[in-house]
Structures are given as structure tokens and as C-alpha cells.
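K.L.:
Based on the sequences and whatever the hints tell you, model everything.
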Amino acid sequence: ASYTVLINALCKTGEMQASRELLNEMMDRGLVPDEVTYTVLIDGFCKKGGSLGALELFNEMVEKGRNPNVMTYTSLIDGMYKADKIEEAGRLFEEMLCKGLVPNELTYSVLINGCVNAENMDEAFRLHDEMVKLGFVPNVVVNNTLINGLCKCGRIPEAIELLKQMRSDGSLPDSVTYTTLIDAYCKTGDLPGALKLWDEMWDNGLIPDVVTYNSLIHGYCIQGRLKEAAKLLGEMVQNGIFPNVNTYNILIHGFCKAGEMQEVTNVLNEMMRRGLEPDHVTYTAIINGHRKAGNFLEALKIQKEMEEILSQSK
RNA sequence: GAAAUGCUAUAU
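My numbering applies: residue 6 is where the first sequence begins, and numbers increase by one.
Hint data in this document are derived by calculation from the structure and do not stem from the laboratory. You may find that some hints are simply not true.
[As the list claims (entries may be wrong)] When the alpha-carbon atoms are kept at most 27 Å apart in a straight line, the in silico DSSO-like pairs for lysine-lysine are as follows:
1) 52 with 69
2) 90 with 69
3) 236 with 192
4) 169 with 192
P.N.:
The following block contains the structure:
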């Protein structure tokens, strides 16, 4: 159990090599990791270390006589979906059922999210109905997942219907629900609609987080209202919400599109002052901005800079 | 001692 705690900690910080070594150390001492330990490591590999490693561990676990449980399968199925191995995910679900394991609410939310990302809303709703038939009451995560799927397919009116239904069903919307919808409105160019939801969110006592702010900042950028976007970033800091790399990437991309490369430099400096490192998204936005502005030399220069910095930090 | 949902770039 204490090994599991350590392995889990290493997984959460993405140090998969070290956590795998810890598992080996355990076995060298003659201990056979139990299903919880394996599940923690499998989940870690799904999130950071690659889906192949996760599948290998799963096989290893079975060879060692450990029985994967519902959590093991749910983690692994989620990992397969996220690695776009949809067939493998489906196969694992079947296997799990064959072994007599009963899917729970989280299993269903993972399956539904997989369908959503494959833009298969029919299957997502089929699974939703199935879980209801089995006696589960879809929670806020399941509903948020469906709302996201509807939004991504351009079915915003139906997403709003679901929001209303959540209220009457007592599965109260949370800030993720609102952020999903705000983002969708922003992307269709309906900033006023997004702002209406923003107010409604506050009225319901919900507090925006960094993703909510990022979505709305993006909305202002899409409208070319860059000053207001930058102002909103200031507001979020005042409200005690710390911007992340995405926040700055959104704003930098906005200024790049507008050809305001001086502003880009200012924002980039502010980002680094906050201790945030530009990533490949930051760089591709800036390189593209310079190209669009016709400054190919600067674009090349930054590309070189990116290659150097990003190879070092690895 | 373990698992699920929302945000960013990619010219021609």
C-alpha cells in the first residue's frame, strides 16, 4: 500500500520511468503488486506514458495472476479512447462484461466521453439511456459530457435544453457546464450570448475558473476586441485566478492574427515574468504571426529559438 | 492507497 502511494505520486507528476522502476524494485523484493498498484500505474501510463505501455502493464498484471477490476478497465478504456484506439476500447469493454464485471457510473461516463470525442452522439445517448435503465442517475459529469458533445456538433439549442433539464432533474449545473456553453457561444461568434451565460453563472453562485476566463478571453479575441480581452486577463488576476499557458497563448494568438506583433512581445514578456514557459503552441502562433505580417526572417529566427529551447527543456 | 467532463497554435 505504501508503494502504491509513492507510485501514484510519481504518476501524477508524470515521472513514469521512475514509477515503473519502483514497481520493479517492489518485485525484486519478492512482493507481487496488487490490482490497485497495477491500476494506478496503468492509469498513469494512459495519461502520460503512452497507451502501449499501459496495455503491456495490463497483460503483465494478468500474467501475474492479478485480476483487473472495474477501475482497471475503466482507466484503460479511457486511455484507449484518448489515444484514438476506439476499437481497442470497445474490445476491452466487451472483455470486462464477459468477465462478469459490472460497469459503474464512471465507466459509463468514460464510454460516453469516448463517443463524444468521436462525434458519435447517437451512441453517446444510447449509452446514457442504457445507464438510466440500469438504475444510474446521470450525474453532472455525464450531463456536462453530453452538453459538450452537442456543442461540438453544432447542436447548441439541444445543449441548452439539456441545461434546463439538469436544473429540473436536480443534477445542478456547475462551472464546467457553463464554461462548455460559454465556449460554444464564443466560437459561433455569439459573444453577447456567452456573456448572458456568464451572468447567469454568477447569479447561480458559481465562480469562473481559469478555463472559464480563457474561453471568454478567446471570445473577445475572436471578435477582434483585443483590448477587452487583455482587460479580462487583468480582471481574472484581480479575482485571484491565475492565468495558465493557454490564457497567454489565446491572447498572443489574438494579437498575432491582428498583426500587432509589438503587443505579442509585451504579452510574451508578461507571461514569462509570471514564470510561465512558452510552449510549442505559443511558438507556432508567433511564427505564424510573423509570416502573415510578411516578416519571414523573424519567423525563421523564432523557429530556431523554439527548436533550441524545446529540445533543451526535454 | 486507484478511475470520468470544459479552454489555446499549425502559413500556402
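K.L.:
All hints are to be evaluated individually against the structure, with a verdict given for each.
P.N.:
Taking the hints in turn, this is what the structure says about them:
Between the alpha carbons of residue 52 and residue 69 the distance comes to roughly 23 Å, so the proposed pair stays at or under 27 Å and holds. Proposed proximity of residue 90 and residue 69 is supported: the alpha carbons are some 25 Å apart, at most 27 Å. Pair hint residue 236 plus residue 192 holds up; C-alpha atoms about 20 Å apart against a cutoff of 27 Å. At roughly 21 Å between alpha-carbon atoms, residue 169 and residue 192 fall within 27 Å of each other, so this suggested pair holds.
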